[in-house]
Amino acid sequence: MARPVRFNVHPIKADIKDNISIVDMPEGYSGDGFFTTKLSNAVGLARKNSLWPMPFATSCCGIEFMATMASHYDLARFGAERLGFSPRQCDLLMVMGTIAKKMGPIVKQVYLQMAEPRWVMAVGACASSGGIFDTYSVLQGIDQVVPVDVYVPGCPPRPEAILDGFIRIQDLVGKESIRRRNSDEYKNLLQSYGIQ
Amino acid sequence: MSVEQHIKLPEGSIEKTTTTLNLGPTHPATHGVFQNILELDGERIVSAEQTVGYIHRAFEKLAERRPLYQITTLTDRLNYCSSPINNMGWHLTCEKLLGVKTPKRVDYLRVIIMELARISDHLICNSVVGVDSGAFTGFLYVMQYRELIYEIYEEVCGSRLTTNMGRIGGFERNFTNAAFEKLEKFMAEYPAVLREFENLFTRNRIFMERTIGAGPIAAERALNYGFTGPNLRAAGVDYDVRVHSPYSSYEDFQFEIPVGSTGDCYDRFLVRNGEMWQSLKIIEQAYRKVQEFKGAEAEIYHADAPSYYLPEKKDVYTKMEALIWHFKIVMGETEIPPGEVYQSVEGGNGEVGYYLISDGGRTPYRLHFRRPCFIYYQAYSELTKGSMLSDAIITMSSLNLIAGEMDA
Amino acid sequence: MSIKIYYRVTEFNSVMALTNETIKERLKAKFTDQVSNFEEPYGLLTFEVPKDLNLKVMQFLFDDEELRFKFLTDLCAVHYPGQEGREIAVVYHLHNLTDNIRLRFKVFTPIAQPDVFTATQLYSTANWMERETFDFYGVNFVGHPNLKRILNVDEMTYFPLRKEYPLEDQTRIDKDDAMFGRGPGGVVSPIDVKVGPSVAGQAGPLNTADHGGPTSQDTRAGQGGDEVKPQ
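Chains as they are written, first to last, in the working numbering: chain A, 3 to 198; chain B, 101 to 508; chain C, 704 to 934.
In case anyone wonders, no lab produced these hints; they're calculated from the structure.
Please note: incorrect hints may appear among the correct ones.
[Claimed, not checked] 30 Å max Cα-Cα, derived BS3-like pairs, lysine-lysine: (1) C:Lys-759 x C:Lys-727; (2) B:Lys-204 x B:Lys-428; (3) A:Lys-110 x C:Lys-851; (4) A:Lys-15 x B:Lys-204.
All chains, please: the whole structure from these sequences, using the hints.
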């Protein structure tokens with residue numbers, strides 16, 4: 003019942019000549035020496051390819067994140083080379099691991115300290131919904147305390163899944179409207195979490 | 101050693117001479133969430149107070165709800181850098197309670213997996229000590245080989261990190277040829293990588309000056325604090341559960357116990373490195389022993405315990421007895437004898453103990469985990485008294501504190 | 704790298720072996736009939752000590768030239784709701800590293816006044832272990848330097864690992880207990896009967912132990928007798 007071996011026991015040399023992908027230009031109108039597009043497209047393109055994540059690694063998902071950052075899966079090729087540990091300097095809060103009730107206020111505090119625009123990614127089952135720990139001491143998902151943009155399920159999610167989550171965040175960042183953070187809908191969202 | 105105060109305040113002043121620094125739960129250098137409130141006099145630490153519990157997940161209460169075979173997933177998440185060791189320790193506890201005897205081939209395969217897990221745990225700890233002292237390269241070099249260890253786990257159980265590996269009585273499937281090929285690749289390539297990693301750090305002057313003398317502990321104090329594992333061995337005591345209370349046929353293997361002398365960060369680093377070499381030795385011996393099983397014996401991957409080991413799925417769908425056993429095991433109608441058992445294994449951080457009290461029911465009446473990280477983190481204030489702030493950071497990472505194990 | 708052996712504990716096999724029998728004799732000689740209930744489940748000597756003598760027994764085991772139990776491996780508690788006056792057992796696991804022998808002893812205390820003397824003077828490792836036991840069961844360790852909650856939030860008002868309290872947070876809204884087969888009105892699994900006072904003791908066709916395995920109610924140590932409600 004042996005299934006075929008797929009991974010690098012007998013590695014094949016990679017051929018990168020035809021495998022380089024280039025980011026598409028945003029839609030716009032171009033002419034002799036100029037190019038016009040929506041401001042949000044340009045800003046989104048710049049932002050999404052240079053997100054500065056803040057890893058909030060609490061448990062096992064944190065180790066998978068370390069594997070994602072390492073050279074095999076390499077988060078840096080998506081622009082997230084600089085991991086910040088100060089929330090003031092970061093755009094993306096990646097919450098990886100179980101958040102206990104004792105830790106909940108701290109997640110909220112870190113979220114409040116981040117400057118707009120900010121995105122939140124809940125990595126792992128515990129951060130998304132409490133995971134396998136349906137107990138008195140575990141917060142059943144960080145969306146009880148902070149608004150979350152992308153949830154990455156898994157226990158722990160494979161590095162490819164974390165990268166997929168990151169790419170979804172990049173999609174959100176690229177398509178975000180310039181006025182979103184001042185809109186009523188966003189303000190109501192924050193109000194529902196008790197954040198002014 | 102006495103700590104001089106460098107700020108002299110006038111008599112009756114209400115100001116404190118020390119600064120309070122919160123090395124809080126979220127900090128780049130704390131690997132996991134635990135808090136330290138430090139009182140600093142300039143750069144020197146006068147006292148430290150630890151707060152844990154930021155990831156308390158109530159494992160012990162959760163275990164009272166789950167049947168024995170479902171608790172393996174909880175044990176994964178104790179020391180998640182080396183989860184197969186915790187899994188095997190739990191299976192050994194259950195086997196002790198239920199009186200299941202595992203065949204030699206299963207024992208040797210378990211030894212291979214446990215030593216791989218030990219290597220992967222020590223790799224994280226040592227490379228992170230490097231990262232905390234400023235050297236990121238070592239981390240990147242060795243993470244490649246951790247990926248290979250993860251691939252070996254995947255061949256055996258399907259999962260990378262939280263492995264839930266094995267069953268009471270053995271493994272869920274035989275090791276495939278791919279698993280053995282990857283193991284051979286690991287054994288062939290890894291020693292050179294480890295040597296390169298050692299060359300980066302062991303005689304590196306900056307690293308030595310950062311770590312020698314940082315966070316030392318005397319052997320008597322370490323024993324009194326309940327230290328086990330590499331931290332105790334770095335202090336000079338050669339206590340290793342694999343030698344003292346051998347489990348899973350460890351008595352059939354020849355290996356040394358590397359021991360340090362002062363118990364400081366440098367000794368802990370060297371002890372962990374030495375243990376990785378010893379683990380490689382054990383893996384080679386175990387692999388040779390496994391290769392010696394031929395024919396029908398080479399197909400054995402679990403004990404003959406139909407009351408506790410789930411039968412093969414193809415038998416469940418075709419044979420009546422297998423279906424009945426499957427039903428009985430899953431619904432909890434098999435005999436679990438009442439009693440209490442304490443079993444310990446040598447985890448990446450020391451003696452991981454499982455104290456299981458069963459009252460004859462499907463789930464444990466009480467399950468307590470003896471978690472080494474929880475126990476030796478108490479000593480942190482003593483380890484860092486009088487040292488500089490940067491030594492405190494390096495001590496914390498060299499102790500290999502895993503928050504999941506600390507808070508359970 | 705040069706290896707200097709400081710403390711040779713792995714030469715235990717050559718010394719004359721200390722056995723469970725010897726330990727039992729020495730304990731009985733020193734403490735006569737106050738040490739009781741000697742058993743050897745799975746080869747580990749287990750006995751019971753009255754709660755006022757726990758420090759004396761540990762000190763004896765520590766200081767004695769032959770016994771030398773200088774390592775406290777573990778300290779935990781167990782809750783037996785059915786045993787009147789002896790509801791909480793504090794269990795100590797000791798280890799003699801030089802002769803490689805372990806033992807376990809238990810101290811029983813009533814739940815109304817769970818005072819036990821602290822072992823922190825003798826073993827520094829008992830500090831956090833006792834805090835954890837206090838946090839989970841409410842055992843008051845007399846003489847402990849810092850007996851506060853350690854793993855749970857400081858504001859918690861009850862001791863969660865006692866059998867009468869449920870595992871789940873009852874105030875969570877995103878998970879429906881009825882879907883898990885728990886809670887009033889749902890199918891009661893026999894496993895849960897030992898944890899919830901709201902369910903145990905209710906009459907009804909589903910609240911019997913006839914369905915399911917050998918988890919009959921009478922094998923549980925005293926369920927269904929507690930009046931304590933969670934806070």
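Hints violated by the structure (numbers, ascending): 4
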